[in-house]
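Asks: So you can see what is in the structure, the chains are spelled out below.
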Amino acid sequence: MAPHLKIDHVDKLFARGSVVTDVLSDITLTITKGEFVSIIGHSGCGKSTLLNIVAGLVQSTKGGVLLEGTEVNSPGPDRAVVFQNHSLLPWLTVYGNVRLAVDKVFAGAKSRAERHDWTMHKLALVQMAHAKDKRPAEISGGMKQRVGLARALAMEPKVLLLDEPFGALDALTRAHLQDSVMALHQKLGNTVLMITHDVDEAVLLSDRIVMMTNGPAARIGEVLEVPLARPRNRLELATNPTYLGCRKRVLEFLYERHRFVEAA
Amino acid sequence: MTVSIMKAAEAALAPSGAKLLRFRVPDLGSAKSRLLQALAAAATRLLPPLIMLALGLAVWEIACMKPGATLPGPSRIWADARDLIVDPFFNLGPQDIGLGWRVLKSLERVSVGYGIASVAGILIGALIGQSVWAMRGLDPIFQILRTVPPLAWLPISLAAFRDSQPSAIFVIFITAVWPIIINTAVGIRNIPQDYRNVALVLRLNHFEFFWKIMIPSAAPYIFTGLRIGIGLSWLAIVAAEMLTGGVGVGFFIWDAWNSSRLSDIVVALAYIGVVGFVLDRVVAAIATVVTRGTAAN
Chain V
3 MAPHLKIDHV
13 DKLFARGSVV
23 TDVLSDITLT
33 ITKGEFVSII
43 GHSGCGKSTL
53 LNIVAGLVQS
63 TKGGVLLEGT
73 EVNSPGPDRA
83 VVFQNHSLLP
93 WLTVYGNVRL
103 AVDKVFAGAK
113 SRAERHDWTM
123 HKLALVQMAH
133 AKDKRPAEIS
143 GGMKQRVGLA
153 RALAMEPKVL
163 LLDEPFGALD
173 ALTRAHLQDS
183 VMALHQKLGN
193 TVLMITHDVD
203 EAVLLSDRIV
213 MMTNGPAARI
223 GEVLEVPLAR
233 PRNRLELATN
243 PTYLGCRKRV
253 LEFLYERHRF
263 VEAA
Chain E
-17 MTVSIMKAAE
-7 AALAPSGAKL
3 LRFRVPDLGS
13 AKSRLLQALA
23 AAATRLLPPL
33 IMLALGLAVW
43 EIACMKPGAT
53 LPGPSRIWAD
63 ARDLIVDPFF
73 NLGPQDIGLG
83 WRVLKSLERV
93 SVGYGIASVA
103 GILIGALIGQ
113 SVWAMRGLDP
123 IFQILRTVPP
133 LAWLPISLAA
143 FRDSQPSAIF
153 VIFITAVWPI
163 IINTAVGIRN
173 IPQDYRNVAL
183 VLRLNHFEFF
193 WKIMIPSAAP
203 YIFTGLRIGI
213 GLSWLAIVAA
223 EMLTGGVGVG
233 FFIWDAWNSS
243 RLSDIVVALA
253 YIGVVGFVLD
263 RVVAAIATVV
273 TRGTAAN
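Keeping their order, the protein sequence lines are chains V and E. Heads up: the first sequence begins at 3 in my numbering, then just goes up one per residue. Heads up: the second sequence begins at -17 in my numbering, then just goes up one per residue.
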């Protein structure tokens, strides 16, 4: 299949005064349409920077990002991001937050009533339609992430970017949301690029896991295919040898070969 | 500052009042007891200031009782200026009108000057908060200009406008605009990067960003500036009117001083204080409504 998203020889240097830090070095990654790819690595390895480069929020120093063959270097709704800390606007309701995105992205393409239906449909997809008139401060952390997900999905992105979307949640809520994301991916067939530091999450959700070495000058250390059939069930997978094998591969990479060394 | 202290005092008083009431009337019907509860709550808020006011008036009366006192006591003021106190809106000719009319005239000047200051202050503040270069260029200048006392601007503005009305309005504007600019700029600088990222991903244009992200996000800061601004405006209008003349509460005080009507001055001071208090509360109330839900998380 033709590459849907291509990260092409991306380097990123951060210059602070005369000190130049090499964050990412020669990252090349090709993602096909409908694929779910996770990027895993220790904190500080630059995986969030890589996602921000794809999102266009950060510019690469060298190399570029191609979406459907066209270079992208500024942010846009075709690469919607679900931010780690939900980033909902607190003065808008749940509905208002999603509607803001819908109004902006489909300004000319849909009528008022269609935009309303579209907003409600996306809220229903993440089971948040009942809380449409609540403000972000009145709902739980997991619900906020659901709304963030609805907002991103409402933009009909070509690639959905998830920046450690479940990082700030408790384990039970996280599992619940992972199941939701899996179901949505199954149903909608989105192309997803997810940043995570959770090995189980990466194996459970991904078609491929991209493992990054430690910084500075982090690069792609290994790419692991996860040949598990979908739909996946976390209970059945708990004893599945393929699942356990994949999990072991990632753990070995992270904790043996590229153990996290605390910078002095 | 005084407002917050008063609020704390109210908060401290309220629960004890409620407890007292429950203890006294345990067996009344619910509607009746709710009414009593409301009355008790009102009493706990109103009684202490009323008692203090009565005490203050009594001390004042005693202090001004001896013959040859330079200032009139409350009873003397009541005798001298009863018409001003009981009827704010009488109209007996061009210069013999109730203080209510004069206050309205002053408020009209304040509303024009303060209105312009609000719009200009928010726009300039947004520019300074958004642009590093605008901040570097303008912030030092503003920091110096804002310390210039309001009345020092008056001769300059009289020279420029050659008329007292626009000069007074200009003085209001120049007094109120600085806190609005500075607070807006701080509010805009404090917009979380997350909100900016959302705006970037959605590709909001400058206009949409201003209305949909900047203003709501910085609203608490902007209203702090607006509240300081309205207080300063009201301070400045009285002083400016004393010098520019015309109809207005400031000129009334100056006129009363020139004709030795000390009682009238005291009544005017009370009017000014009450109106200033109401203005502050009005802006605070608008702020509470507008910034509802703005506090993050």
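The reader is advised that the hints may include incorrect statements.
Claimed, not checked - Each pair of labels, with its calculated beta carbon distance range: (1) Gly36(V) / Ala116(E): 43 to 51 Å; (2) Glu224(V) / Arg128(E): 57 to 65 Å; (3) Asn187(E) / Thr23(V): 32 to 40 Å; (4) Gly36(V) / Ala266(E): 31 to 39 Å.
Stated by the list, open to error - A few chain E residues facing chain V, derived, Cβ under 7 Å: (5) Val68; (6) Asn172; (7) Ile173; (8) Val180; (9) Arg185; (10) Ile197; (11) Gly258; (12) Asp262.
What the hints contain is simulated information worked out from the structure, not anything from laboratory work. All values reported here derive from a predicted model rather than from experimental measurement. All C-beta atoms, glycine included, are put in the ideal place defined by N, C-alpha and C.
Asks: Which of the numbered hints are not met once you compare them with the structure shown?
Replies: 4, 5, 6, 7, 10, 11, 12
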